[in-house]
Amino acid sequence: MALILLANTKGGSGKTTAALVLAGELLTHNARIVLLEGDPNRPLVSWAETRGAAIIETSKHRAKSAEEARKIIEEAAGDTERLVVIHDDDQEGVFEWIEGASAWAHFVIADPEGSPNEWLTDVASQADLVLIPFAPSALDARQVSRTVQVLNKVSKRTGRAVNYRLLLTRANPIATRDEREIRQSLEKNGLSLLRCTLRERPAYRGLFKLDATMEELSPETVNGLDGARKNASEFAREILDTLRANATADSEVAQ
Amino acid sequence: MSKDPFGFDAVAAEPNKPLDISSFAPKARKTDVVAAKAVREVARDAGFTRRAASKAPEEPATPQEKPRKRRVNLGELLGVQDRYPDTERAQLNMLAPVPVVLRWRKLLAATPAPAWEVLEAAMDALEAARAKSE
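In order, the protein sequence lines correspond to chains E and R.
Take 112 as the starting number for the first sequence in my numbering and just add one per residue.
Take 1477 as the starting number for the second sequence in my numbering and just add one per residue.
Next comes chain E alone, as it looks inside the complex (with noise of 0.2 Å):
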């Protein structure tokens, strides 16, 4: 099981469209999901309602283990679910879900709040891998600057590496010479940026106002379907590859 946190302390970086694109992407290839959202917007249970997809709240479903956590979601799963969305409302378990949800799904995504929040560290410190969307924009960078310190202080006090890639989202669906400079700039400082870029195109939009999964969009509805299909295989590809070089650089550190 891999552990994927979206981590941004702004709001509309694209943390919650990355977590969809990337959640829809693995559930084409069979794999099962849980989508932990510690957003108090709800966008994913928003999503996840209308769909009648398996919807778990942690204030009404209390978890007081592992082993209990584990359970709840086999149980909202049944026999068909892939997808599990759950919501961390009460945000006192998370530590509990994340491990209960370690024995039922192949990735835990997490969505936490474009804040400031405990949540969001408290998932870094157990995360496989951290991606930090951003999309071109002065702002933007400055608030990657600010999420990145801390997860290096994470990674400092822990003495536990955390695994993060920058992912530049919502940029023009040709790359600028600004997204250029921005790429060029990071890497300079040392930053690990995804080589894939998230950029803006309707059918991302799509995906919450039809509250689909990619796959299951129609071409007649949503422009340049094939493009953002191709661009979401790419994303999940370059994910599976780097958690997968993480891991193998760990064991090696471990030996």
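If you are wondering where the hints come from, they were derived from the structure by calculation, not from laboratory data.
Be careful, since some hints might not be right.
Below are the DSSO-like pairs computed for lysine-lysine, each with C-alpha atoms no more than 30 Å apart in a straight line [what the hints assert, rightly or not]:
| # | chain 1 | residue 1 | chain 2 | residue 2 |
| --- | --- | --- | --- | --- |
| 1 | E | Lys-121 | R | Lys-1513 |
| 2 | E | Lys-171 | R | Lys-1506 |
| 3 | E | Lys-121 | E | Lys-267 |
| 4 | E | Lys-182 | E | Lys-171 |
| 5 | R | Lys-1506 | E | Lys-267 |
| 6 | R | Lys-1513 | E | Lys-175 |
| 7 | E | Lys-341 | R | Lys-1506 |
| 8 | R | Lys-1493 | E | Lys-264 |
Since chain E is already given, all that's left is putting chain R on it; use the hints.
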């Protein structure tokens, strides 16, 4: 300049190839307790806050009677402190029989001092008389 400066094509060399998720099979894992504890300090140092729990929107509750806004509660104020610092002021309103009010006004008119000083002098006199009788 390279045709693909960001390695975009390399990532998508085989977009239709099934993703291999075998190395991510579900497996119970234990929380790294040391990391979980240490991270709290980092979060607080960085000004990260614990947010209030977010509850699902509930059915609108039956409207409750709005508590009537009270004016200054003199009893509470007087019960808390024997005497206010000189710099603080509170308003004192009271209803009294008309003859008493007329007597009060007449007294104020004859005294070149603020009303509160007249009241204070009256209270001092009352307390002194009470102490004398005891």
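Hints, one by one, checked against the model:
1. E:Lys-121 <-> R:Lys-1513: holds (24 Å)
2. E:Lys-171 <-> R:Lys-1506: Between Lys-171 (chain E) and Lys-1506 (chain R) the Cα gap is close to 24 Å, so the pair holds against 30 Å.
3. E:Lys-121 <-> E:Lys-267: Holds. Lys-121 (chain E) to Lys-267 (chain E) sits at ~23 Å (cutoff 30 Å).
4. E:Lys-182 <-> E:Lys-171: holds (14 Å)
5. R:Lys-1506 <-> E:Lys-267: holds (21 Å)
6. R:Lys-1513 <-> E:Lys-175: Holds, at about 18 Å.
7. E:Lys-341 <-> R:Lys-1506: Answer violated: Lys-341 (chain E) to Lys-1506 (chain R) is near 36 Å, above 30 Å.
8. R:Lys-1493 <-> E:Lys-264: violated (38 Å)
In terms of the numbered hints stated before, the structure departs from hints 7 and 8, listed from lowest to highest.
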